[in-house]
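Here is how the chains run, residue by residue.
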Amino acid sequence: MPFATKRTTTKTTTRTAADGTVTTTIETTTASTPKPFDITLYLAGTPNGKKASIALEELSQAYGITYNVRSIDFSKVEQKEEWFLKINPNGRIPAIVDHARGDFAVFESGAILLYLAEHYDPEGVLLSKDADERSTAVQWVMWQMGGLGPMQGQAGHFNGAAEKIPYAINRYTDETKRLYSVMERAFSDGREYLAGNKYSIADISSFTWTAYHQFSLGKDFTLEEYPLVNKWLHKIAQRNAVVAGMNVPTKITLLENDFKA
Amino acid sequence: MAPQITLYTVGTPNGQKVSIALDELKIDHKVHQIQFSTNEQKEEWFLKINPNGRIPAIVDHSRGDFAVFESGAILLYLAEHHDPDHILLPEDPNQKSEAIQWLMWQMGGLGPMQGQANHFFRYAPEKIPYGIKRYQDETKRLYSVMERRFADGRDFLAGPYSVADIACFTWTAVNQWALGPDFSISDYPLVEKWLHRVAERPAVVSGMKPSTIIQDGFRSKITAAEAEARAQEAAKWILAEKEKNAEEKL
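Heads up: the sequence lines are chains A and B, in that order.
According to numbering that gives the first Met the number 0, the stretch in the first sequence is residues 0 to 260, in order.
According to numbering that gives the first Met the number 0, the stretch in the second sequence is residues 0 to 249, in order.
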């Protein structure tokens, strides 16, 4: 574990009282902090890419660690260049290279989430240390990896295609809506987060896709029929790390526009 | 001793992954065949086990009836709790991560995309060339990714045999269902070699039963007419489930 250096932080606040007295307070705290870790994140501004940037931002907020961003240019088909295929043989984003662990490469957003939780998350910010809570979170990550991502992705493809094929549009729109209703049903037992009462990678992985619902399903589609999902979406969007992560590699206005396309 | 685990399944690639894994671990388990024809997977009692209403799912009686849904999650769960000899997942952290990376690749890619090829090629009530081509091309691209992976001489996808091989095997085995009788996996010779290598394992043979795809050399031996009849039969409940989902907003 990269937990070595002690870090001393000094916070200075100056307050002026009503009678004009100025008081300066200096707070010094010393904490054990992981040394900045050296991970490069390869991504583009897509739901899968942002799962990784959000997770890295959560680790950054919790443990003060840093990462580098290398944006992949789809217009140049960079993701299929030899150097990148060495990192991700599937030629897709996201991928990370962990320079602190011998330039170990990880591809597939779901695998990146599990890898970060395993190596860089001693306090279980991303994933509970309890076995059953952890399995529940992994189940929902797999549900997103095998369902919500691919199916909403196909909906986006057919909705955006030049030639409109109603059968395909309906198939993937219906399935995406079914998946949203599965989440709606899950929240009906009062749980705050997808995997129970603790935020986890299960929320991160379904959040980014749900956030882009209008991009995939059209400007007329809203989460009106899924009020608990909508509530959860807004709650997750309040997190500093989520705001920061959604704005990687470039700033977007999705959250400010209340998820409207 | 009562079975430790109940497996809710059907003999499809995702279900077979778990049957193989349970047999690799020699876990005594009870099999409950879910009846798709009556939409059993959407009944309340089953939705408590799998809120997504799909197979496979397991209930682990040795751990307080803990339920696990999603085949990928089941494989990782079994590796964590029931695999002291590390048959399913290597101990080395990097090899373990590689196995998980290829498992995720299968869960997010090979399964869903070959599944869409199945749908457009076999089950959709109308033949839509764009859909057939899109998903058949992507399935072949994914096979070529595996072919490239094996070019460095490795025997399995991620170090030693692992859940990555199990997950990719059950889908690659039925390549002709998605790609048609004129498709030959021999176009991907290293993938073909790997298919046979994995199929040498007794747990893979037993886990794939009653499918005869291994014995048939990963080629469909049925006639076009019989394939069509099977597709029509499956299409009935696939489209019925879709309608029921729409009715019940489930």
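Please keep in mind that the hints were generated in silico from the structure rather than gathered at the bench.
We treat Cβ as the ideally placed atom computed from N, Cα and C, and that holds for glycine.
It is possible that some hints are incorrect.
[To be verified] If the Cβ cut is set under 10 Å, some of the chain B residues that face chain A in the computed set are:
(1) V9
(2) N38
(3) F45
(4) R53
(5) G114
Quiz prompt | Hints violated by the structure (listed by number, smallest first) | solution = Checked against the structure, the hints that fail are numbers 1, 2, 3, while the rest are satisfied.
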